[in-house]
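Chemist: Got chain A; can you put chain B on it based on the hints?
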Amino acid sequence: MDIVDRSTDLSQPLDKLGPDERLKHDSNHLRGNIALDLLDRISAGVGAESNKLMKFHGIYQQDDRDIRDERRRQKLEPAYTFMARVRLPGGVCTPAQWLKLDALARAHGCNTLRLTTRQTFQFHWIVKEDLRATIQGLHDVLLDTVAACGDDSRGVMASADPEDSALHAEVASLAKAVSDHVIPKTRAYHEIWYGADKIASSDAEEPFYGRTYLPRKFKIGFVIPPSNDIDVYTQDLGFIVVAGADGLEGFNVVIGGGMGRSDQDAGTYPRLADVVGFIDKQRLVACADAVMSVQRDYGNRVDRSRARFKYTIDAKGLAFIRTAIEQRMGSAFEPARPFAFTSNGDRYGWRQTDRGLFNCTLFIQNGRIRDEPDRTLMRGLRAVAAVHTGRFRLTPNQNVIIADVTREDRPRIEALLAKHGLAEGHAGSALRLNSMACVALPTCPLAMAEAERYLPDLVTKVEAILAQHGLVDEPITLRMTGCPNGCARPYVAEIGLTGRAPGKYNLWLGGGFHGERLNRLAAENVGESRVLEILAGKLGRYARERRTGERFGDFVTRSGE
Amino acid sequence: MTARLPIEEAVLTREQWRQVEALGRSLTPVQARWISDYFAALDDGSSPEGEDAAAFAPASGRTLTILYGTETGNSREVAAALALAARERGLTATLSDLANYKVRALKDAQDVACIVSTYGEGDPPQSSLGFFEFLEGSRAPRLEGLRFSVLALGDSTYEKYCEAGKRIDRRFAELGATRLSERADCDVDYEDRAALWSQSLLDTLLAGIDDSMARAQAAIRSAATQPQARVRAHDKHHPFLASVLDSLRIVGRHSTKDTRHVELDVSGSGMTYRPGDALGVVANNDPSVVEHLLVATGLAADAPVQVKGETLPLAEALTRKFEITTVSPRFVDHWAHVSGAAELIRLAESDASMERRTFCERHHVIDVLRRFPVPGIDAQRLVAGLRPLQPRLYSIASSQAAVGDEVHLTVAPVRYGLHGSERGGVASTHIADRLDAGATIPVYVQENAHFRLPADDVPIVMIGPGTGVAPFRAFVQEREARAARGRSWLFFGERHRRSDFLYQTEWQAWLKAGVLTRLDVAFSRDTGAKTYVQHRMLEHAQDLYAWLEEGAHVYVCGDAAAMASDVHEALVGVIEKQGALARDAAEDYVRRLAADHRYQRDVY
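Going line by line, the protein sequences match chains A and B.
In this note's numbering, each residue carries its 1-based index in the first sequence increased by 713.
In this note's numbering, each residue carries its 1-based index in the second sequence increased by 7.
Same shape as in the complex, but just chain A (with noise of 0.2 Å):
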């Protein structure tokens, strides 16, 4: 019996929802022209069709935008290239795959790899040609790029860094199980990119998606508080550790969180998400299955700006929503349990474990990984690959932890990070340290300023102020997107800035320190120096009249201005 207007949604005929369901749904399962568009000499890139549907097999079209029309002078077309990213449910890889990853990285990829806000490998400037090569290398070492992007369920997010290993271990594992559960199951990725041959089967290949996936992407995450390092509020689906005496118990379920807005369109908005209950860790895919199913089915599908979970709940009402997924799951949501967080940011440096191992969390600036005259961050990795025994972890932070290091093994581990310039790395402010920005020029198509490229002589200049205030030991969060689309989850920064044109930035204040609120709008399309020139009064009167233990993001949102 709904209650609810269904005339947006999968109910309605295919005519009467937006151009790319058709598009979905015409694809056979994703395969569209794909691999005759791979063949096409005559453009470096793939046709409009294909571009769209390569985002659910993980890889984006891009092109150098620094030089776009300086080519179109030329009368040649955009120099394309291709972005991939890497599946890595957790952030957790092994040495070995370190290895491929960094091998691929220089064979295909400009030697440079980019960690992510999502807690995984991108490879960017891969040409046409090397994309089925880079794909069947990550294969070797059981990775992939299924559902990276596109209207699925993303990579699934774990946190990091928690003080206790095994519970650690059984949620990484847990993010694991549940991203291959929630990926599309179509073989139209093993037909594409490894050369697998066609199977004729009459089952459904997409028991779940169907024809037309999600109206959206679909973003899950597992977090173990205290630390808030993957921003559950911003997940479409997060879940809340519960853990007792005996480990873990189950979790605090949070539905509808997002970041993303559209500058023209004041009915865009980036919204936290609401904690609608606890359930028992046996109830984990049944959960998932279900919350998935509410979005497929009554989500928007005709217009793509409305089609978030986010706008779901909204449209529909909480209510509503949370009675259809208990429906679905077969069980009602129990009262959510306590719990409490501190922060989203990383540990930086060497830290024991509570079984006696070492991690080490290096700042990667803006997650860039590549090699610099004085800093060869590139080789170092590559070098501690080759010789650690325990794992990587990526931060939802864009950072890397070297983790489960032996005490024997960790003198070696600290030699090669000095030798690379490695060692003093998380030197800098803590506003550094809690400083991120996505990729956007000049590879993202969506970008309309600077952001990994600029953001560190930002901080430079904003390190300036700190120091005249000394404030520079405090962590403060500073977080720069190229566009409104809010990739480094600007709308929770204390400092967030959102690109609007080149040199030009909407500014954002008072987002919590552990992403428990969003920031508000401050300046509108500001250049540096006005955005400077506000911080220095804000930061000026933070140093001056903060309560004891009052972070930046409280007090701004505090004294109310």
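Treat each hint with caution, since some may be false.
Unchecked claim - Derived list of chain A stretches under chain B, where covered just means 3 residues or more per stretch with a C-beta under 8 Å from a C-beta of chain B: (1) 751 to 758; (2) 787 to 801.
Said to hold, decoys possible - Here are a few chain B residues that sit away from chain A, every Cβ distance over 10 Å (derived from the structure): (3) Glu140; (4) Glu323; (5) Gly580.
Quick caveat, the hints were computed from the structure, so don't treat them as lab data.
The beta-carbon is built from N, C-alpha and C at its ideal position, and this holds for glycine as well.
Modeler: Using the frame of chain A, we list chain B on its own:
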């Protein structure tokens, strides 16, 4: 308009000229262009024989058959001028391109004047190959009754200078024909020599005619000195000063090439061209090369020299009048004489042709001057060994139907190292390095009758790697402007797709719009295996053969040294395999294509 009055050259009668002038005043530029094209088409060899059923009464009872074989149109111009002059002087003359000449008619011919150019390493023009095969084959008839004279055009920088003309001259004699006059061999500055030969040939023919009518007519009309085939506003000797609208590098970053797209403004020139035509560019030498020559010889920049009756300062003469880079065998002879150097004297001997050729390839003029210095040489003596600077021809990359009063060129600067310094092609580096937007350069249109689009509904296959793609941009622009419905297929190749795909976005748009039916590309350095256009032709052999069978015309433009022969070989291979033909039969098929003007090449 800077057109010369054609009556002075007896091209038109005064009355005809009055009519042309009156018509001209009433025409819009578009109409003028159309009429120009109309007459150009009439004169294009499209009606090869009998077109010029003599306007003047036969005087001698004998017919002068004027044959020409041409790559760039020079031979045709000389031949057409000769035909006109012959008729002016009362002779019966027919004019035929060797490409169209019915070779069996040769045994009935009476007086034959043959003007033929030599191309590359001693080869006849592509379009004349059939004639040469016949003439030099065993089925050639005896020609006892035939009288002939040969004018051979060539380029003395090549070792087998004027070879095609020499072959005809030799073979006619072998077959029993009689020389009317000795063969004349002309270098790139052929005009004066050609005019002399024409004059003397006509004098000889007229001297044998005992017909007072003819003599009287001849006397009246002998004002003809250097007649022109047709009214042309601008030519090699009267180029138009075009201004550069745009000159930009159209290869992307990290390219190993430096290819330019140049747009010239020719408005006000009255110049017209058709797809396939070339633009003659009257370029200057690099001032730094001139400077090096002056330093090497110790001569003053303002030392006076005589050049064709004009006194010029040496520096200007070297800049504008002479080839001062590549060394010709003639220059070796000259410098051997001037310097007395034993090594050069040895090279100048007739049995040293291989060594001389190698020497010419490995030295520029400056290298010879430095290696064999002649202290105190005077300026006149220096330039005496140099050849006149020739305009360079570039296939036009635009269609006038699309760009109006513009001419577009695709120019890859020629650059290479020699004796430790960078050297460059005269015109290509002038265009690339010293010709920014707003600058001017003298140009003229050089027709290319052997590189023409067929009727609008006929399919075309275009093979143009590198800058060889230029005329095909003109072809496709033209077909787009005409809304032509014939299918088109382009094969393009270069080194790297990312940086070297010339006019990539234009081809993509034409493909999308259906103006271009098909595009196959080969980028030789993108993958381990070097792939070239001929490999793509072989890959698509079945379709390519189908197109041929459906009447497609095949065009090849670009590098003559390797590409043209590889493509030719691929074409024969496609036909052999797909047509299930023996090698001979496949070659025959290609020969028939060429004879039917369905296989046209513009290679350099």
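Chemist: Each hint: holds or not?
Modeler: How the hints compare with the structure:
Counting residues of the segment 751 to 758 of chain A whose C-beta lies closer than 8 Å to any C-beta of chain B gives 4; at least three are required, and the coverage claim holds. Interface restraint, the segment 787 to 801 of chain A with chain B: holds (5 residues with C-beta to C-beta distance below 8 Å; minimum three). B:Glu140, annotated as away from the interface, keeps every beta carbon of chain A farther than 10 Å; the closest lies near 38 Å. Here B:Glu323 stays apart from chain A, with its beta-carbon at least about 36 Å from theirs, past the 10 Å limit.
For B:Gly580, the shortest C-beta to C-beta distance to chain A comes to about 21 Å, beyond the 10 Å cut-off, and the non-interface label holds.
Comparing the model with each numbered hint stated earlier shows that all of them hold.
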